[in-house]
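J.: Full structure from sequences and hints, please.
Chains as they are written, first to last, in my numbering: chain F, 1 to 378; chain P, 1 to 378.
It is worth saying that the hints were derived from the structure and are not from the lab. Only a predicted model underlies this, so the values are computations on that prediction, with no experimental measurement involved. Some hints could be false.
You can't tell identical chains apart in this list, so a pair holds if it fits in one copy or across any two.
30 Å max Cα-Cα, derived DSSO-like pairs, lysine-lysine [claimed, not checked]:
1. K2 <-> K288
2. K89 <-> K288
3. K102 <-> K288
4. K342 <-> K102
5. K66 <-> K342
6. K2 <-> K342
There are 2 protein chains.
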Amino acid sequence: MKLEQIDTPAALIDVARMQRNIARMQAHMNTLGVAFRPHVKTTKCLDVVRAQIAAGARGITVSTLKEAEAFFAAGVDDILYAVSIAPSKLPRALALRRQGCKLKLVVDNPAAAAAIAAFGDQHGETFEVWIEVDTDGHRSGITPEQHTLLEVGRILHENGVTVGGVMTHAGSSYELNTPDALAALAEQERAGCVRAAQRLRDAGIACPAVSVGSTPTALAATQLEGVTEVRAGVYVLFDLVMHNVGVCALDDIALSVLATVIGHQPEKGWAILDAGWMAMSRDRGTSKQSHDYGYGVPCLLNGTPLTGYLLSGANQEHGILSPIDESAPTEDVTQHFPLGMKLRILPNHACATGAQFPEYHAVSPDGASVEWRRFHGW
Amino acid sequence: MKLEQIDTPAALIDVARMQRNIARMQAHMNTLGVAFRPHVKTTKCLDVVRAQIAAGARGITVSTLKEAEAFFAAGVDDILYAVSIAPSKLPRALALRRQGCKLKLVVDNPAAAAAIAAFGDQHGETFEVWIEVDTDGHRSGITPEQHTLLEVGRILHENGVTVGGVMTHAGSSYELNTPDALAALAEQERAGCVRAAQRLRDAGIACPAVSVGSTPTALAATQLEGVTEVRAGVYVLFDLVMHNVGVCALDDIALSVLATVIGHQPEKGWAILDAGWMAMSRDRGTSKQSHDYGYGVPCLLNGTPLTGYLLSGANQEHGILSPIDESAPTEDVTQHFPLGMKLRILPNHACATGAQFPEYHAVSPDGASVEWRRFHGW
Numbered sequence: 001m002k003l004e005q006i007d008t009p010a011a012l013i014d015v016a017r018m019q020r021n022i023a024r025m026q027a028h029m030n031t032l033g034v035a036f037r038p039h040v041k042t043t044k045c046l047d048v049v050r051a052q053i054a055a056g057a058r059g060i061t062v063s064t065l066k067e068a069e070a071f072f073a074a075g076v077d078d079i080l081y082a083v084s085i086a087p088s089k090l091p092r093a094l095a096l097r098r099q100g101c102k103l104k105l106v107v108d109n110p111a112a113a114a115a116i117a118a119f120g121d122q123h124g125e126t127f128e129v130w131i132e133v134d135t136d137g138h139r140s141g142i143t144p145e146q147h148t149l150l151e152v153g154r155i156l157h158e159n160g161v162t163v164g165g166v167m168t169h170a171g172s173s174y175e176l177n178t179p180d181a182l183a184a185l186a187e188q189e190r191a192g193c194v195r196a197a198q199r200l201r202d203a204g205i206a207c208p209a210v211s212v213g214s215t216p217t218a219l220a221a222t223q224l225e226g227v228t229e230v231r232a233g234v235y236v237l238f239d240l241v242m243h244n245v246g247v248c249a250l251d252d253i254a255l256s257v258l259a260t261v262i263g264h265q266p267e268k269g270w271a272i273l274d275a276g277w278m279a280m281s282r283d284r285g286t287s288k289q290s291h292d293y294g295y296g297v298p299c300l301l302n303g304t305p306l307t308g309y310l311l312s313g314a315n316q317e318h319g320i321l322s323p324i325d326e327s328a329p330t331e332d333v334t335q336h337f338p339l340g341m342k343l344r345i346l347p348n349h350a351c352a353t354g355a356q357f358p359e360y361h362a363v364s365p366d367g368a369s370v371e372w373r374r375f376h377g378w
Numbered sequence: 001m002k003l004e005q006i007d008t009p010a011a012l013i014d015v016a017r018m019q020r021n022i023a024r025m026q027a028h029m030n031t032l033g034v035a036f037r038p039h040v041k042t043t044k045c046l047d048v049v050r051a052q053i054a055a056g057a058r059g060i061t062v063s064t065l066k067e068a069e070a071f072f073a074a075g076v077d078d079i080l081y082a083v084s085i086a087p088s089k090l091p092r093a094l095a096l097r098r099q100g101c102k103l104k105l106v107v108d109n110p111a112a113a114a115a116i117a118a119f120g121d122q123h124g125e126t127f128e129v130w131i132e133v134d135t136d137g138h139r140s141g142i143t144p145e146q147h148t149l150l151e152v153g154r155i156l157h158e159n160g161v162t163v164g165g166v167m168t169h170a171g172s173s174y175e176l177n178t179p180d181a182l183a184a185l186a187e188q189e190r191a192g193c194v195r196a197a198q199r200l201r202d203a204g205i206a207c208p209a210v211s212v213g214s215t216p217t218a219l220a221a222t223q224l225e226g227v228t229e230v231r232a233g234v235y236v237l238f239d240l241v242m243h244n245v246g247v248c249a250l251d252d253i254a255l256s257v258l259a260t261v262i263g264h265q266p267e268k269g270w271a272i273l274d275a276g277w278m279a280m281s282r283d284r285g286t287s288k289q290s291h292d293y294g295y296g297v298p299c300l301l302n303g304t305p306l307t308g309y310l311l312s313g314a315n316q317e318h319g320i321l322s323p324i325d326e327s328a329p330t331e332d333v334t335q336h337f338p339l340g341m342k343l344r345i346l347p348n349h350a351c352a353t354g355a356q357f358p359e360y361h362a363v364s365p366d367g368a369s370v371e372w373r374r375f376h377g378w
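T.: Below you can see the structure in the form of structure tokens.
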């Protein structure tokens, strides 16, 4: 199907850009001498993940057990579930392990460690658990020097659970925007996670894997001594938030929302599109960054950004396209963006925008497209 | 299934609250002597819409043709598609009409009116079109005194299209928060839409329907002379944005997200939940209102709000539950919100939060629940 024939709104993946993003990250990981385990929460799409694995990825990271179940069913068996597990989800984890999935769980607290140990003992299953390390204070995890780290390690190790490694995610990297700051945080993430592994090993707990990553720190890292693998998700598509962080150009962004002009408010210089927040998502991640891109940056069908305009407002199924400089002499918006014209809108946050759609349309350089399904829910 | 057995995160509808919200709106419409056409974009769920129709609703409003197709297939045949139609969507509208759906289209510009007329002529179909009127300047529509109103009316009327009515949506009501301001906007919405109908009728165009509405103005209206029907969507579930607008109490909010405590940052007083923005949506609609509720208000399983706490932050699958008063003496959060504890989070925006889930769990007063499917995409 050609772009012009796709019903709008639709989520488009520019396949050439996606392949370039995959190749860039994998080459960087190869240079640093570490394995790469992509986070598939960004796309939840088998076609994308196959391309990541074909490029050299080893295993995947997931944010939900539904992702683990779907990708295991499709043949991916090395899976890190990177959210500290609720005890009530252990039966689903057990079912995956029993089917042969090399599922790794994550914990950051003694109660969850004890719950896994007790559940594994009850069901005769040796779970593999990685301990989450907090290297930047932004969310969850145990800081490298905390007593709790060894407490959790011992609860697992002494109760028949394999401590497979430590993992950390320096998510505060999304708040930075200079190469020096990103490189410094990448080193902080590396050093903290390696230190946590060392403390566990010093206590007699093997802890083979040392897993770090976020898209900005993965791309900024210059040496990863002691690290065995890196995780990143949004790099595969990129978005305006990552552009503001400074790790991609506008023309690296592989996700866009195809939209149609459905009306105008000529006096205001507005064109109204059929892509509102239901299509773009409510993510306004650029609102606190150096450039606020509203709900997105419009581009022509060939991908050329219309840098004088923004999707400045959104209702559920209406997007408002308006000039950035509202005082600029307004051309006739009904002529400039005529009814029925199609545009591609670059999104703030690829993970959030993708989730609004049941499928992507994967667009080749010749303009032909195929549907790539993604899944939804938990 | 009982609440405790539902996998988290999950979207819960409190059926008793929903029925109360439906009854309240329908009774108000009956008192005002107008028909009520609920906007089903909020829930996209047949079970909810059946309850609205059982209470007296006449026809439905939709925001996408997928909603129209799904509800028509389920037996609802009087459908207003309340977004100005892109010409490329006319074949889908035609298919619905040919199957017997009394589908009404909306336009607010001459080019779309001409496109419908030409397409109808080409296919021998008499489309019914309502003209969108702008009564508060917040988005799309033609203002009542504009010349374009009659221009669009004539293009339709003189080219074999039925002008079925006028419709307006005073969406700026979401920015208000006093009964007087809401009542004034309701009157502005009514008067503007009635005036537009009168101008069309004076020009010899019948225009039988006069359709107004948004949840706040529908509930605030005290007289609707000249109006034939009202539309509203979010009233059926309500949310924190509507609570800030002042049209519902916290205990009218019928949608909540069931979540589980998966960890803690004890020094910060945080509990970490398995409901992040993928579950709550990225909607931060209360951030510019009188009370900023973060990503939501936590409640006990029985619905009691924990008013000293907020879901203050969210990553994709992590929510941060923290005390509102960060300087307050912190009890031991690991005891207060122990691992595995389940909570219900009231959302900012029911339309956005519901869209994150493939199904609702409809919870009866006895705590039993059944699944109500909702649909996704366009």
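J.: Compare the structure with the hints numbered earlier in the document and write down the numbers of the violated ones, lowest to highest.
T.: 1, 2 and 3
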